[in-house]
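As given, the protein sequences belong to chains A and B, one line each in that order.
Each step along the first sequence adds one to the number in this note's numbering, with nothing skipped, and position 9 is 9.
Each step along the second sequence adds one to the number in this note's numbering, with nothing skipped, and position 70 is 269.
Treat the hints as calculated values from the structure; they're not laboratory data.
Errors might be hidden in some of the hints.
To be verified - Not everything, but these chain B residues come out facing chain A in the computed CB check (under 7 Å):
| id | residue |
| --- | --- |
| 1 | Asn335 |
| 2 | Arg340 |
| 3 | Thr590 |
| 4 | Ala607 |
Said to hold, decoys possible - Straight-line distance between alpha carbons at most 20 Å, and here's what the computed EDC-like set of lysine to aspartate or glutamate pairs gives:
| id | chain 1 | residue 1 | chain 2 | residue 2 |
| --- | --- | --- | --- | --- |
| 5 | B | Lys569 | A | Asp131 |
| 6 | B | Lys611 | A | Glu90 |
| 7 | A | Lys176 | A | Glu20 |
| 8 | A | Lys103 | B | Asp288 |
| 9 | B | Lys454 | B | Glu361 |
| 10 | A | Lys103 | B | Glu614 |
| 11 | A | Lys193 | A | Asp54 |
| 12 | B | Lys569 | A | Glu86 |
| 13 | B | Lys360 | B | Glu245 |
| 14 | A | Lys97 | B | Glu606 |
| 15 | A | Lys57 | A | Glu90 |
| 16 | A | Lys103 | B | Glu606 |
| 17 | B | Lys611 | A | Asp131 |
| 18 | B | Lys627 | A | Asp131 |
| 19 | A | Lys78 | B | Glu615 |
| 20 | B | Lys611 | A | Glu96 |
| 21 | B | Lys616 | A | Glu20 |
| 22 | A | Lys97 | B | Asp552 |
| 23 | B | Lys243 | B | Asp422 |
| 24 | B | Lys226 | B | Asp288 |
| 25 | B | Lys263 | B | Asp232 |
| 26 | A | Lys78 | B | Glu604 |
| 27 | A | Lys103 | B | Asp232 |
| 28 | A | Lys103 | B | Glu610 |
| 29 | A | Lys152 | A | Asp131 |
| 30 | B | Lys616 | A | Glu133 |
| 31 | A | Lys193 | A | Glu158 |
| 32 | B | Lys611 | A | Glu133 |
| 33 | A | Lys97 | B | Asp288 |
| 34 | A | Lys103 | B | Glu584 |
| 35 | A | Lys97 | B | Glu584 |
Quick caveat: nothing in here was measured; it's all calculated off a predicted structure.
All residues carry an ideal CB built from backbone N, CA and C; glycine is no exception.
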Amino acid sequence: MLLKDISTQQETLYTLQENEQVIFFLLNRSGDITFDLSGPGSAAHIFAFFLGKDTDKETLRITQKHSARNTTSHASVKTALFGQSEFTYEGMIHIEKSGRGSKASQEGRALLASPNTKAFFRPSLEILPEDVECRHAATVSPLNQEAIYFLKSRGLTEQQAKRILIEGFFKYDIEKIKSLGVSTESILPLLEKTLIHTL
Amino acid sequence: MSKIKKDNVDLGDYKYGFSMPERSVRKTKTGLDAGVVSEISGIKKEPEWMLDFRLRSYEIFKSKPMPNWGADLSGIDFDAITYYLKATDKQSRSWEDLPQEIKDTYDRIGVPEAEKKFLAGVSAQYESEVVYESVNRELDRLGVIFCDMDTALVKYPELVKEYFGTLIPPQDNKFAALNSSVWSGGSFVYVPKGVEVKLPLQAYFRINAEAFGQFERTLIIADEGSYVHYIEGCTAPIYTTNSLHSAVVEIFVKKNARVRYTTVQNWSKNIYNLVTKRARAEENATMEWIDCNIGSGVTMKYPAVYLAGRGARGEVLSIAYAGAGQHQDAGAKMIHLAPDTTSRIVSKSISKDGGRTSYRGLIHIGSGAKNASSSVVCDALLLDEHSRSDTYPTMNIREESATIEHEATVEKIGEEKLFYLMSRGITKGDAEGLLVNGFIDPVVKEIPLEYSIELNRLINHEMQGSVG
Chain A
1 MLLKDISTQQ ETLYTLQENE QVIFFLLNRS GDITFDLSGP GSAAHIFAFF
51 LGKDTDKETL RITQKHSARN TTSHASVKTA LFGQSEFTYE GMIHIEKSGR
101 GSKASQEGRA LLASPNTKAF FRPSLEILPE DVECRHAATV SPLNQEAIYF
151 LKSRGLTEQQ AKRILIEGFF KYDIEKIKSL GVSTESILPL LEKTLIHTL
Chain B
200 MSKIKKDNVD LGDYKYGFSM PERSVRKTKT GLDAGVVSEI SGIKKEPEWM
250 LDFRLRSYEI FKSKPMPNWG ADLSGIDFDA ITYYLKATDK QSRSWEDLPQ
300 EIKDTYDRIG VPEAEKKFLA GVSAQYESEV VYESVNRELD RLGVIFCDMD
350 TALVKYPELV KEYFGTLIPP QDNKFAALNS SVWSGGSFVY VPKGVEVKLP
400 LQAYFRINAE AFGQFERTLI IADEGSYVHY IEGCTAPIYT TNSLHSAVVE
450 IFVKKNARVR YTTVQNWSKN IYNLVTKRAR AEENATMEWI DCNIGSGVTM
500 KYPAVYLAGR GARGEVLSIA YAGAGQHQDA GAKMIHLAPD TTSRIVSKSI
550 SKDGGRTSYR GLIHIGSGAK NASSSVVCDA LLLDEHSRSD TYPTMNIREE
600 SATIEHEATV EKIGEEKLFY LMSRGITKGD AEGLLVNGFI DPVVKEIPLE
650 YSIELNRLIN HEMQGSVG
C-alpha cells in the first residue's frame, strides 16, 4: 500500500487502476476532488484533516466514484474548528451499475472548539447495484469541557489541554493508517506543526 | 392530469384500486386560473380574507418554478387537473345517510369497522370535501374540536385566522402555494389545555375521480400540556392518467404538549404525492411524525419540526417502500432554534423491482441552540440489482455545544438468513417478507396495532409478487 500526501497538489481527479491501492492524506486541503475507482479491485483510503482558525472558510467536496467491480473506498474527514472558522464537507459516494461487490464508506467528524465556528456536512450516497456494502456517519460535537478542566487541574495550560484532546481526536485515523501497513512518520510532524500553528 | 400513459406502472392487485362512478354536485372546469380559485372560494362562501389569501397564493404559485431537485415531476400537467369536485351536498354524521357509492367505498376500505373498535373520532374526505364525520361525545365534553377545515373556518374563524398559513406560508414552495390557493377539506383539531385525548383521531382520504387534484389542509393546535394522536390513511383507484395529491399540514405544539401524527400512505401508483408538513414545538413540547410511504408513484415529503422552545423534542420515524415505477423521495427536517432541544430521525427504506428510494434530510442547529442534540439513522435495503437507493443528508451546525450523530447504511437482504429460512421450508417470498418486516420493526412497533398489522400485510403482499 502506498501513502500519498496530496495536501498541496492541484489535481482534482485521482484515477485508480486495477488492484491499485492507495492511502491519500489531505491536510487543510479544500476544493473538489474525485477519486475514480475505475480498475477492478482498486482501493482508496482517504484521510482528510482540516484545522480551521480565525476567519477561515473552506469547502471540501470529495466524490468517491465506483465504476469497476469489487472496489473499495473509505473517506474519513476530521475537522477541528477554532476562532470564527467555517468548514463544509460535501461527500458523495456514487456506485455505478458496474460497481458490483463494492464497499464504500464516508465519515465526517467535526469538533467545534470555539463558540462562533460553523460546520456544514452533506454526506450523500447514490447506490445503483444491489450487491454492495455502504455506510456513512457524521458527528459534530464540542470540546469536552470536563476533560479540559481535568487536564488543567493536573497543571496543564488550556492550550496544552486542547492540543491533547485534538491529538486524541485525530489519533483514531493515525492508528488506522498504521494498521493499513504504512509508516506515519512523514505525516505526523505535519499534523503537529499545523496544530501548534492553529492553537 | 397528464394524459401521458405510464407504461411501467404495474398496478397489480392493489386492494384499493377499485373505482366508483364519478359523482359530483359541483365541479370546477379542468385547469387553473384566478376564476377557478374565486369559484372555489365562492362555493364555500368564504370570508374576504380567505379569498384574498387564495388569490395571493395563486400568484405565488404561478411565479415559482418547479423544483429542479428530487423526483421527476415532468408528468404533471397542471392544465389537465380538476381542482375541485364536490361529491355530495351535505356532510353526514351518521353512516347510513351517506350516498351509496361513497358508503360502499369506505366499507371496502374498512372505515366503519375501525371506527367502532378504537377511534375517538373519524373523518372521511372524498374528493374535495369531507363527507363524513363522527366524533365521540366524550371529546365534545372535553372541549376538543375535531372537524373539517371548511367548517372550522365558519365556526372558529378567530382560531383559524390566528394560525392558518403562519407555519407554512404560500411562499414556502410551489406546492404549498398551490394548496393555499385551491385547498379544500382536511382536518382541524384543537385540544384545550391539559386535555389528553386517549384514543386516536383519524382521517381517511380518498381520491375517486380521474385526473383529479386533492388539496386538503390540516391544522392541529395542541394547547399547553395536552396530548393527541392523529392518524391519516390514503387510498385511490387505479387509472392510467395521473392524479395529484398536495396537502399542507401545520401543527402547533404548545408548552409541555405532545402530538403524534401517523400517516399510512397507500395511494395507488398513479398519484403524485407532494406534501408539505411542518410542526412547531414550544417549551418542553414533543412532536412525533410517523410516516409510512408504501404507495404513490412519486412522493416528495419531508415532515419538519421547528424546535422553538427550550427542551422541545422532535422525532420522525419513517418507512419508505418503492416497487416497480415508484420513487419515494422522503425524509425529515429538524430545525433546532432553542437550547436543550433534541431530535431523532429513524428512516428505513426498501427498494425492489426497479424502485427508487431517496432519503433527504436536514439537521439545522441555529446559533444559540445550546446543548442541542440530534441523532439520525438511515438504513436502506436493496432487494435486487434493478433498484436504487440514495441518501442526501444535510447538517448545518452553527452552535459549538451541539452534538450531532448521523449514520446510514445500505445493504442487501442477507443471503444466509434467507437460506436458513428457506431450509426450514419457508418460501422465498415469505422469507423475504419476514426479513423486511424485521428490518422495519423498530418503526412499526410505534404504530397502533391495527395499522401495524395492515402495514406488515402490505409489505408481505409486495414481497410475494415478483421473486421467483
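Agreement of B/Lys454 and B/Glu361 with the hint, judged by alpha carbon distance not exceeding 20 Å: 18 Å, holds
Given hint B/Glu584 paired with A/Lys103 - CA-CA distance at most 20 Å: Holds. A/Lys103 to B/Glu584 sits at ~15 Å (cutoff 20 Å).
Given hint B/Asp232 paired with A/Lys103 - CA-CA distance at most 20 Å: Violated, at about 52 Å.
Given hint B/Asn335 near chain A, where the shortest CB pair must fall under 7 Å: 45 Å, violated
Restraint check for A/Lys193 with A/Glu158, where alpha carbons must lie at most 20 Å apart: 18 Å, holds
Pairwise hint evaluation, B/Asp422 against B/Lys243, where the allowed Cα distance is 20 Å at most: Distance ~28 Å between B/Lys243 and B/Asp422 Cα, so the pair is violated.
Restraint status (C-alpha distance of A/Lys103 to B/Asp288 at most 20 Å): 60 Å, violated
Pairwise hint evaluation, B/Glu614 against A/Lys103, where the allowed Cα distance is 20 Å at most: 17 Å, holds
Hint consistency between B/Lys611 and A/Glu96 [alpha-carbon to alpha-carbon, up to 20 Å]: Measuring from Cα to Cα gives roughly 16 Å; hence the hint holds.
20 Å Cα cutoff - pair A/Lys57, A/Glu90: 14 Å, holds
Given hint A/Asp131 paired with B/Lys611 - CA-CA distance at most 20 Å: Answer holds: B/Lys611 to A/Asp131 is near 6 Å, not above 20 Å.
20 Å Cα cutoff - pair B/Lys611, A/Glu133: Judged against 20 Å, a Cα distance of about 8 Å means the pair holds.
This entry does not satisfy hints 1, 2, 5, 6, 8, 14, 19, 21, 23, 27, 29 and 33, going by the numbered hints stated previously.
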